[in-house]
Amino acid sequence: MGSARTALGSRLSTSRDAVVRRDSTAPCPPRTAHRTARLLALALVALAASCGGQAPAVSTSSDAAPARIVSLIPAVTETIYAVGAGDAVIGVGTFDTYPPEVASVARVGGLLDPDTERILALRPDLVFLYGSQTDLVAQLERAGIPYQTYRHGGIAGIVETTRSIGRRVGHAERGDALADAIERDLAAIRARVTGRARPRTLIVFGREEGQLRGIYASGGTGFIHDMVDAAGGENIFADVVQEAVQASLESILARAPEVILEFRAPGATRTETWAAQQMDIWRGAPSLPAVRNGRVHVLLDQRLVVPGPRVAGAVDLIARTLHP
Numbered sequence: 001m002g003s004a005r006t007a008l009g010s011r012l013s014t015s016r017d018a019v020v021r022r023d024s025t026a027p028c029p030p031r032t033a034h035r036t037a038r039l040l041a042l043a044l045v046a047l048a049a050s051c052g053g054q055a056p057a058v059s060t061s062s063d064a065a066p067a068r069i070v071s072l073i074p075a076v077t078e079t080i081y082a083v084g085a086g087d088a089v090i091g092v093g094t095f096d097t098y099p100p101e102v103a104s105v106a107r108v109g110g111l112l113d114p115d116t117e118r119i120l121a122l123r124p125d126l127v128f129l130y131g132s133q134t135d136l137v138a139q140l141e142r143a144g145i146p147y148q149t150y151r152h153g154g155i156a157g158i159v160e161t162t163r164s165i166g167r168r169v170g171h172a173e174r175g176d177a178l179a180d181a182i183e184r185d186l187a188a189i190r191a192r193v194t195g196r197a198r199p200r201t202l203i204v205f206g207r208e209e210g211q212l213r214g215i216y217a218s219g220g221t222g223f224i225h226d227m228v229d230a231a232g233g234e235n236i237f238a239d240v241v242q243e244a245v246q247a248s249l250e251s252i253l254a255r256a257p258e259v260i261l262e263f264r265a266p267g268a269t270r271t272e273t274w275a276a277q278q279m280d281i282w283r284g285a286p287s288l289p290a291v292r293n294g295r296v297h298v299l300l301d302q303r304l305v306v307p308g309p310r311v312a313g314a315v316d317l318i319a320r321t322l323h324p
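No gaps in the numbering here: position 138 of the sequence shown is 138 in the working numbering, and each next residue is one more.
Keep in mind that the hints were calculated from the coordinates and are not lab data. Glycine residues also receive a C-beta, built at the ideal position from the N, C-alpha and C atoms. A couple of the hints might just be wrong.
[Unchecked claim] Have a look at the derived ranges for each label pair, beta carbon to beta carbon:
1) Arg174 x Leu253: 46 to 56 Å
2) Ala191 x Ala106: 40 to 50 Å
3) Gly313 x Thr194: 11 to 21 Å
4) Ala285 x Ser104: 26 to 36 Å
5) Glu101 x Gly313: 32 to 42 Å
6) Ser287 x Glu101: 39 to 49 Å
7) Pro266 x Asp113: 18 to 28 Å
Generate coordinates for the entire structure from the input sequences, incorporating the hints supplied.
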């Protein structure tokens with residue numbers, strides 16, 4: 001875990017007034033729900049640091065539709081099921097929760113902790129993995145197992161990935177239809193918010209529990225930034241050309257957001273009561289316009305943190321929050 005943090009820290013840089021620092025000194029929390037939530041946040045930051053807006057890269061020994069698929073990526077897993085190839089899925093990542101059918105599928109780790117032995121034992125004929133998982137790529141190549149790496153930056157990448165996955169799993173027509181539907185729904189949302197004032201928005205996807213410290217926010221690239229932009233908001237860190245920004249409270253105060261959005265995946269400990277408690281924490285910064293005007297929102301919705309085929313629904317939720 002420490003090496004993952006070190007790799008993460010080396011990829012993030014320091015901007016003019018948004019501080020991005022290594023997290024190598026942070027203690028490892030106990031194996032509780034808090035540790036799971038922290039790992040999910042670290043995985044999202046690491047993914048943001050490693051994705052480069054590229055279309056998926058393929059390395060495979062066969063173009064035949066796979067019958068035994070392993071996916072370590074929640075967004076890809078959702079897409080495989082959405083295009084009709086869910087019956088072929090035999091292994092999924094640690095944080096896969098949708099669709100409900102994945103509950104009975106074998107778990108094989110995730111971005112930071114892939115279980116290589118278990119993956120190989122499942123004898124897959126196609127593995128979807130993150131482009132940054134070079135060690136796993138090397139293991140798959142030695143074993144002669146076809147794989148497809150996953151790299152995308154923003155909403156355009158989600159649409160292209162949907163088409164690519166549809167083609168690769170033998171459901172090209174359904175993949176294209178799903179991608180077309182995503183584009184239509186997003187166009188309708190953009191049309192709906194056109195002409196409305198675009199509130200200056202801070203988008204948070206991680207911070208220290210109960211504190212206004214260690215705040216991870218969206219920079220000016222990536223799917224989180226794109227979703228808020230499509231929903232009619234102006235990201236206060238749009239000028240920072242990276243996906244993840246670890247921002248100090250001072251830098252946030254200087255940029256004076258009119259709305260604060262926290263995107264969190266729901267869970268056993270993340271209830272509406274928990275969300276209300278998180279909103280109360282922001283009262284510790286009463287000079288922020290968003291706090292003064294009661295425009296702090298903690299949104300518990302998996303769609304907001306998984307860049308997959310439900311992205312249009314996530315953008316609709318954001319739009320209705322920004323423009324009630």
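Which of the listed hints are not met by the structure?
-> 4 and 5
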